[in-house]
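Peer 1: Chains as they are written, first to last, in my numbering: chain B, 1 to 303; chain E, 1001 to 1226.
Please note: incorrect hints may appear among the correct ones.
What the hints assert, rightly or not - So these bits of chain E aren't anywhere near chain B, every CB distance computed over 10 angstroms:
1) Tyr1043
2) Glu1044
3) Lys1061
4) Gln1199
5) Asp1201
As the list claims (entries may be wrong) - Taking lysine-lysine and the BS3-like style, the derived pairs with C-alpha atoms no more than 25 angstroms apart in a straight line are:
6) B:Lys53 <-> E:Lys1167
7) B:Lys42 <-> E:Lys1166
8) E:Lys1216 <-> E:Lys1195
9) B:Lys19 <-> E:Lys1225
10) B:Lys230 <-> E:Lys1184
11) B:Lys230 <-> B:Lys264
12) E:Lys1119 <-> E:Lys1052
13) E:Lys1018 <-> E:Lys1061
14) B:Lys46 <-> E:Lys1225
15) E:Lys1119 <-> B:Lys53
16) E:Lys1042 <-> E:Lys1119
17) B:Lys53 <-> E:Lys1224
18) B:Lys260 <-> B:Lys244
19) B:Lys44 <-> E:Lys1226
20) E:Lys1225 <-> E:Lys1166
Keep in mind the hints are simulated off the structure, nothing from the lab.
Every residue gets a Cβ at the ideal spot worked out from N, C-alpha and C, and that includes glycine.
Spelled out, the chains give:
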Amino acid sequence: MSKNFVFTSMVGSFILDEKLNIVSKGQEKSLAGKHDAVPLPKEKIKDFLGMLKRSDYFSDFRNRNIDLTKDQIRKSATQDLLIVQAIETIDDVNVTINTLSKRFREWFELYCPEFSRAVQDHARFVELVSQKSRNDLLSDIGIRPDLTMGGQFGQEDIDAMMQFAKHLKELQSLKTEEEKYVEKAMKKICPNVTAIAGSLLGAKLLSHAGSLEKFSEMPSSTIQLLGAEKALFRHRKTGARPPKHGVIVQHNYFTKIKSKNYGKLARMLADKISIAAKVDFFKGEFIGEKLRIQIENRLEGYG
Amino acid sequence: MIQQTRFANIFEIEKGRKKMLLTKNLVPGRKVYDETLIKDGKYEYREWDIWKSKLGSAIVKGASQIGLREGNVVLYLGASTGTTVSHVSDIVTNSGFVFALDFAPRVVRELVFLAEERKNIAPILGDAARPDTFASRISQADLVYQDIAQRDQTNIFLKNCEWFLKKDGFALFCVKARSVDVSKKPRDIFQQTRKVLEQSDILTVVEYRELDPYQKDHCMFICKKK
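Work the whole structure out from these sequences, hints included.
Peer 2: Next up, the structure:
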């Protein structure tokens, strides 16, 4: 008896003879019992695919591909992508808070300019202003209420302004809430990276990489320069001086060392982070603490 | 006045000083991206934005043939959100078929919505660099179109043509010079690519178009399988 081949496509399984004529078609399991067939070798698949180019298969191809693709998309929403969304939301909210805070100060300074100057921090400023009346605020910073440069506001005018302050405060609490979420999720998904880089910086690196899988595939030299793409390509195109670090420079350690050592520290940190990312992706044992101690031992030499 | 161009199922209309490319809308009344719809007689046409579509800009840049006609089965690699795919789907009509493949779940999501609207598109989430992984999901194709931003896009193209393109079938290949090497001159990369294509014993290069100014640092090769 001549040898038969079996090939399973989306539109069904086929038993083929040596000349690739269809002997039988059906479900994979029922066919396997009836025929003694070997899988179709790779170089013959391309010849057989021509037989499937028929309009009566089109709707099967379409429906089954839609179903399968939907399933793949469903499974592709992993938790590292949620972290990426959360950290990018935090960045956006941060920008919004700054813009709106500046607007709010402009507005409030018509009412009470002295106090706006006295408190520089946006979050604290909005918090205090929405709690106390103008007279209390002014006496807190030692100015007689009747000497203020601020104009006369009716209750309606103050209410409108305070409505704004309320939403601004909500934005600030949104930011802290999301930060808490990122911290929790990072500890669960990337414990090793979090141990070295901290949850927020770790998440930022992750969002630059796109996903944990891509992050784990990155060499440390790439991680070192995540966020410095513009400078890197300028260097590649024009031969300008290469960047030493990307977002990694936001790490706390950089505040403790001399600036001439920034490049060294960035290189070392990126190295350890790339190891940690690989461990995190393949769900290895926790080695973050060990790596962190290694970094801190070296850190003293950079001071 | 809507006129037939030299390509099957592709039309054009004079609009001021400019000409606009059109395809006949397969699903009348529905837009795919923010193109304009033009009604003429009993048919509805969709504007083909050549600034967003490399195939469209290759036509405007004077390609003499694109090998695409009604009833074709097309394998489209790098389908993205389906801007060009929708026009290819218009051109091949319901007697043809488009297998639209992309790698990123983010954009294939849009592609699924498009496929649910149109009867002749199958969305595939897969990696064009590994034809064996999606061979069971498609059939042979009359035309292979590739527009992916990968470093080894030329080899991926050759591999897919070898696997899935019928004999004498056309293959359209968009090269993005910037994803091959940012520091080299685009034209050098195009010439290098042409050499690789010609040295392979799979394809002959029929035509070559640079897509400036519509697509910066891109070119299109129109090839035919030996």
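Peer 1: Against each hint, give a clear statement of whether it holds in the structure.
Peer 2: Hints versus structure:
Separation of E:Tyr1043 from chain B is adequate, the least Cβ-Cβ distance of about 23 angstroms exceeding the 10 angstroms criterion. Annotated as non-interface, E:Glu1044 keeps its C-beta farther than 10 angstroms from every C-beta of chain B; the closest such distance is 23 angstroms. At roughly 26 angstroms, the least C-beta separation between E:Lys1061 and chain B is larger than 10 angstroms, which holds for a residue marked as non-interface. A cut-off of 10 angstroms between C-beta atoms confirms that E:Gln1199 is not in contact with chain B; the least separation is 21 angstroms.
The claim that E:Asp1201 is not at the interface with chain B holds, since no C-beta of that chain comes within 10 angstroms of its own (minimum 15 angstroms). With a C-alpha separation of about 13 angstroms, the suggested pair B:Lys53 and E:Lys1167 falls inside the 25 angstroms cut-off, and the hint holds. With a C-alpha separation of about 16 angstroms, the suggested pairing of B:Lys42 with E:Lys1166 holds against the 25 angstroms cut-off. This hinted pair checks out: E:Lys1216 and E:Lys1195 have alpha carbons roughly 22 angstroms apart, not beyond 25 angstroms.
A distance of roughly 23 angstroms separates the Cα atoms of B:Lys19 and E:Lys1225; the hinted pair therefore holds under the 25 angstroms criterion. A hinted pair counts as satisfied when its Cα atoms are at most 25 angstroms apart, and B:Lys230 with E:Lys1184 qualifies at roughly 17 angstroms. A C-alpha spacing of about 21 angstroms is found between B:Lys230 and B:Lys264, which places the hinted pair at or below 25 angstroms, so the restraint holds. Restraint check for E:Lys1119 and E:Lys1052: the C-alpha separation of about 23 angstroms stays at or below 25 angstroms, so the hint holds.
Taken as a hint, the E:Lys1018 and E:Lys1061 pair is honoured in the structure, with Cα atoms around 14 angstroms apart against an allowance of 25 angstroms. Proximity of B:Lys46 to E:Lys1225 is assessed by CA-CA distance (about 14 angstroms); at most 25 angstroms being required, the pair is judged to hold. Taken as a hint, the E:Lys1119 and B:Lys53 pair is honoured in the structure, with Cα atoms around 16 angstroms apart against an allowance of 25 angstroms. For the hint linking E:Lys1042 to E:Lys1119, the alpha-carbon distance of about 21 angstroms falls within 25 angstroms, and the restraint holds.
With a C-alpha separation of about 19 angstroms, the suggested pair B:Lys53 and E:Lys1224 falls inside the 25 angstroms cut-off, and the hint holds. With a C-alpha separation of about 11 angstroms, the suggested pair B:Lys260 and B:Lys244 falls inside the 25 angstroms cut-off, and the hint holds. Restraint check for B:Lys44 and E:Lys1226: satisfied, since their Cα atoms lie roughly 18 angstroms apart, inside the 25 angstroms limit. A distance of roughly 7 angstroms separates the Cα atoms of E:Lys1225 and E:Lys1166; the hinted pair therefore holds under the 25 angstroms criterion.
Figure legend: structure checked against the earlier numbered hints; every hint is met.
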